[in-house]
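Number of protein chains: 2
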Amino acid sequence: MIERKKTKRIVLGNVPVGGGEPISVQTMTNTKTSDIKATLEQIGRIECARCDILRVAVPDEESAHALRKIVKETKMPVVADIHFDWRLALLAMENGADGIRVNPGTIASRKGLKEIAKEASQRGVVVRVGVNSGSLEKEFRVKRDGEAGALVQSALKGVTFFEDAGVNAIKVSVKATSVPVTIQAYRMISKECEWPLHIGVTEAGTIFSGSIRSAVGIGALLAEGIGDTIRVSLSADPVEEVRVGLLILKTLGLAPPSPWVVSCPTCARCEIDVIGIASELERRLEGIEGSLRVAVMGCSVNGPGEAREADLGIAGGRVSALIFKGGKIIAKVPKEHSLEALVTEVEKILKGESGERG
Amino acid sequence: MIERKKTKRIVLGNVPVGGGEPISVQTMTNTKTSDIKATLEQIGRIECARCDILRVAVPDEESAHALRKIVKETKMPVVADIHFDWRLALLAMENGADGIRVNPGTIASRKGLKEIAKEASQRGVVVRVGVNSGSLEKEFRVKRDGEAGALVQSALKGVTFFEDAGVNAIKVSVKATSVPVTIQAYRMISKECEWPLHIGVTEAGTIFSGSIRSAVGIGALLAEGIGDTIRVSLSADPVEEVRVGLLILKTLGLAPPSPWVVSCPTCARCEIDVIGIASELERRLEGIEGSLRVAVMGCSVNGPGEAREADLGIAGGRVSALIFKGGKIIAKVPKEHSLEALVTEVEKILKGESGERG
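Going line by line, the protein sequences match chains A and X.
Going by this note's numbering, the first sequence opens with residue 1014, and the numbers climb by one from there.
Going by this note's numbering, the second sequence opens with residue 1014, and the numbers climb by one from there.
Derived from the structure by calculation, the hints contain no laboratory data.
One or more of the hints may lead you astray.
Repeated chains share a single entry, so a pair holds when one copy, or any two copies, can fit it.
Said to hold, decoys possible - Calculated lysine-lysine pairs in the BS3-like style (CA-CA distance at most 25 Å, straight line):
hint, residue 1, residue 2
1, Lys1131, Lys1338
2, Lys1045, Lys1345
3, Lys1021, Lys1361
4, Lys1345, Lys1127
5, Lys1341, Lys1151
6, Lys1045, Lys1348
7, Lys1151, Lys1338
8, Lys1204, Lys1018
9, Lys1364, Lys1082
10, Lys1124, Lys1341
11, Lys1131, Lys1018
12, Lys1170, Lys1345
13, Lys1019, Lys1341
14, Lys1170, Lys1151
Take the sequences, apply the hints, and build the full model.
This is the structure:
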């Protein structure tokens, strides 16, 4: 239902980005990259969470060398995040990085950038021009968050530089800490630039407020058709970034199908323990693949309607609760057995779909 | 920075809605309305959370009578949520409700709707025409979530009815469980209707996923300038709905100023305990009024830049951490004293702003 803006298609490792390909989810490790064991342990958890693209910081030579093992041990394409020292970008590519993220605000050396471009185009490595309001190039720097236009100008200058230097797979980002500035910057650059856009709100904050801020910013852009790959930036475990990213995509119908619990906000009409039942159901359905819509509704206002639309549903009533399946009432159960009865039906459906799940 | 779509201005109790007035935050009690004591206790907590508009379900006569006391005991305007029995709407207005929410899908009686309209126009009570995908009028009902067009048609029919019946303060909502359908429906109705729009995603789910879903849907609409009042629907304490609603508004620069912790997502470069410091700071700043931007940054990539833009900031370094205030370095502290040093500076600023806070 969302009409996506057209961008060029590039391929990062084995993941296509842009040109209408599925929107990919990224995160970044927060272990010391040179601590290969800790980094691989974290990457394992990130991969389990169904992340598509991985980024690792490469602040020193030891980290660049560590990439060789890291790239070998994960299925995800690996992007090396480079600042200050362009030589580390070359070393990261030598060690197998599928992509390089360069921030025009932290590498000033034109000679260095040319070397990066040369190496990237020879190796077919993707370059992300990643501009950030916290580290904007001096010539574009303005007050508070860098106005959207300044972020865009800096990014376009970087893009032109890499295009002219022969790089033929580019991604672009123009992140700000301010969500309105971020939205404005991406709206502007999506009109000016054909390369796929990596979207996100930079330094969004802690798990709860940072997730809300990211959902607003990334969600607003995706709803306008802008964005080819996303990263949620949280001061939290990278696995949480992946979970929130997938949830944002799922909300907009942009993720692979997975179970979804519709539940009412409860009010004076509520006849069953909606909060308890919905939370427990969500917990039990985590990690399950495939489409399954379960409605947990407190009363008869939207209850029967929602339950009818869902694959499975429960609606509270005065005396008992009604269980719906495929739009039909299949059982009437005492209210205190609501959760148990619903879970039994969920399990039947899951067993039916795949024998192994039971 | 967001250009809001123009709507008519109405006044609900003492809260103006539409016509460019600040976007108000709503929630709904989930106690039995007839249990006045429990309802007032919850309303007290909702008011403390800075909610603007309150809604209560009125499923029976006892609840309608309870409104008299409830309306008297709160400063917020009170909207009575009516389904099935139009007589309860009259009784709610007699007992002081400032607004009535009517769902055209749950009250079919034209005679009843006329009586509601007559009473509302005489008393100057605001009527919300609140359409919902789970209880759409039969004539408009389509598969799964009701297509956006069906929600809009049902709402516009209701609006015309109340306009023709002489009601001159109307709000409109077209909520669906599907976020893309919700966004599409509001985009459509905002072109067709001048009355202020109450926006939200219905039955969004449990606290975490429901908040993300609401942030995506409500955030995307607000970013396009659509929406005059918002309600986040969560299977959770109504206070959480208010918190999330305010956070969505704040994210888009649409809420009164309050402290904001910018914090980096941490990576291999991180030199201080960003997650711990940011979480603790956020906790300490909760409930404080006024603008204050504090940046917690792990390293020197975006650290100095963000810290410079913030009122107060900390950036991790190899040996020690730098504290910034108003763009200047004011201290260099051992990394293990980062939190303590930052909190001391925050407290100095808060004391300076208001003597009572210290």
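Note to self: Let me make sure I understand: some of the numbered hints might not hold for this structure. Which ones are they, in numerical order?
What the structure shows: Those not satisfied are hints 1, 3, 4, 9, 10, 11, 12 and 13.
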